[in-house]
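Chemist: Remember, the numbering used here sits 1069 above the position in the sequence shown when you count from 1.
No lab work stands behind these hints: they were computed from the structure. Please note: incorrect hints may appear among the correct ones.
Claimed, not checked - No more than 16 Å apart at the CA atoms, straight line, and that leaves these computed lysine to aspartate or glutamate pairs for EDC-like:
#	residue 1	residue 2
1	K1092	E1137
2	K1189	E1210
3	K1072	E1155
4	K1189	E1175
5	K1184	D1230
6	K1189	E1169
7	K1118	E1102
8	K1188	E1205
9	K1092	D1140
10	K1184	D1109
11	K1183	E1137
12	K1072	D1109
13	K1188	E1169
14	K1112	E1093
15	K1118	D1140
16	K1072	D1104
17	K1189	E1205
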Amino acid sequence: MIKLYSDAHCPNSHRTRIVLAEKELPVTTQEVETDNLPADFLKLNPYGKLPTVIDRDIVFFESSVVNEYLDERYPHPPLKPGSPAERAQMRLAVLQLERELYPLYEETSNPRKKKDAVKKISAYLESLNGYLARQEYFIGEQYTLADITLAPILWRLESLDIDTAAWPHLEGYMDRLFERPAFERALSEVEQMLREY
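With these hints in hand, go ahead and build the complete structure from the sequences.
Modeler: Have a look at this one:
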């Protein structure tokens, strides 16, 4: 059985919980707080990165690595596109989200940086709205790890007082993501309280 170390507040942990739920894999979850990591966890993962997964006595961390491993080890349903070019596009999209959007989300916890970060997130989402006018998901018509990477940030928009009403394509996309049964199963109690659910 897979063991998952997860932080109920953490968007990166949320991503991996979504992958596990999509795959319908049996998992034992141990909730830990990023600011208070237990010593036994740090023995497994000296970097203290969450999420961390143990599968077959092998320890994996860094959410994008964990999620790709889970998708390759447990291939059904597939969460990567079929063609090499589309897989490369998906990986680039995940990398872009991790380098641009995730750090902006982290900045929202700093009162001095929050206003500017929210403004930049809103600009990103406005651009994404136009992009989604042409396709159903982030990489074409297939739900992939790129969508799973974006979903936790989109779920947290209400807590940042970002109104998406002016972006109908983005709202439709969010509905498609949030209505997936796996997304619902992957929500921690803390995440459920972030929105009227």
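Chemist: Evaluate each hint against the coordinates.
Modeler: Structure-based check of each hint:
no., hint, in the structure
1, K1092 to E1137, "12 Å, holds"
2, K1189 to E1210, "27 Å, violated"
3, K1072 to E1155, "30 Å, violated"
4, K1189 to E1175, "12 Å, holds"
5, K1184 to D1230, "11 Å, holds"
6, K1189 to E1169, "10 Å, holds"
7, K1118 to E1102, "11 Å, holds"
8, K1188 to E1205, "25 Å, violated"
9, K1092 to D1140, "8 Å, holds"
10, K1184 to D1109, "38 Å, violated"
11, K1183 to E1137, "31 Å, violated"
12, K1072 to D1109, "14 Å, holds"
13, K1188 to E1169, "13 Å, holds"
14, K1112 to E1093, "28 Å, violated"
15, K1118 to D1140, "20 Å, violated"
16, K1072 to D1104, "20 Å, violated"
17, K1189 to E1205, "24 Å, violated"
Checked against the numbered hints above, the structure breaks hints 2, 3, 8, 10, 11, 14, 15, 16, 17 and satisfies the rest.
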